[in-house]
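Undergrad: Sequences are here, hints too, so could you generate the full structure?
For the sequence shown, our numbering assigns the number 16 to the initial residue and increments by one for each residue that follows.
It is possible that part of the hints are untrue.
To be verified - Taking CB as the label site, the calculated pair distances span: (1) K42 - G73: 21 to 29 Å; (2) I33 - V95: 27 to 35 Å; (3) F78 - H51: 13 to 21 Å; (4) T49 - V76: 32 to 40 Å; (5) E94 - K32: 29 to 37 Å; (6) I33 - I96: 34 to 42 Å; (7) Q63 - R92: 28 to 36 Å; (8) I96 - G53: 14 to 22 Å; (9) K42 - F82: 14 to 22 Å; (10) I96 - D52: 34 to 42 Å; (11) F80 - M50: 18 to 26 Å; (12) V95 - D52: 31 to 39 Å.
I should point out that these hints are in silico values taken from the structure, not numbers from a laboratory. Given the structure is predicted, the values throughout are model-derived calculations rather than measurements. Even glycine gets a Cβ: it sits at the ideal position worked out from N, Cα and C.
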Amino acid sequence: MQVLPPAAFNFLFGSQKIIPVQRGYGKRQQWKITMHDGVPSVAQPWFQYLSENNLMAGDEVIFFFRFDEHVWEVVFRKEVI
Numbered sequence: 016m017q018v019l020p021p022a023a024f025n026f027l028f029g030s031q032k033i034i035p036v037q038r039g040y041g042k043r044q045q046w047k048i049t050m051h052d053g054v055p056s057v058a059q060p061w062f063q064y065l066s067e068n069n070l071m072a073g074d075e076v077i078f079f080f081r082f083d084e085h086v087w088e089v090v091f092r093k094e095v096i
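TA: What follows is the structure, encoded as structure tokens:
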């Protein structure tokens, strides 16, 4: 499960149950937010993202908020072996 960092709560708008995510190359999705032990998380979309991009331990994933577009952007870098 990927728990949202406290800083991300500032960008969850009201009672919305999704966060908009841009995944590179202009691909946008809406990730569903679920509650686990009272904490917002993005478990299902996160595991799908890991699987679709073949991400493993040692790879870097960076989330940043694009204020101008009100969207989270996700960028990853594979570990060099």
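Undergrad: Against this structure, judge whether each hint is valid.
TA: Okay, the hints, checked on the actual structure:
Checking the proposed 21 to 29 Å range against K42 and G73 shows it holds: the Cβ atoms sit about 24 Å from each other. A hinted range of 27 to 35 Å holds for the C-beta pair I33 and V95, which are about 34 Å apart. Between F78 and H51 the Cβ separation comes to about 18 Å, which falls inside the hinted range of 13 to 21 Å. T49 and V76 have their C-beta atoms about 19 Å apart, which leaves the hinted 32 to 40 Å range violated.
For the pair E94 and K32, the supplied restraint of 29 to 37 Å holds, since their beta-carbon distance comes to about 33 Å. As the Cβ distance of I33 to I96 is approximately 35 Å, the hint placing it in 34 to 42 Å holds. Range check, Q63 to R92: about 19 Å between beta-carbon atoms, so the 28 to 36 Å window is missed. About 39 Å separates the C-beta atoms of I96 and G53, a value inconsistent with the hinted range of 14 to 22 Å.
Distance hint check: the CB atoms of K42 and F82 are about 20 Å apart, consistent with the given range 14 to 22 Å. Checking the proposed 34 to 42 Å range against I96 and D52 shows it holds: the Cβ atoms sit about 36 Å from each other. Under the hint 18 to 26 Å, the C-beta atoms of F80 and M50, about 21 Å apart, fit the expected range. With their beta carbons about 36 Å apart, V95 and D52 fall inside the hinted range of 31 to 39 Å.
Of the numbered hints listed earlier, those contradicted by the structure are 4, 7, 8.
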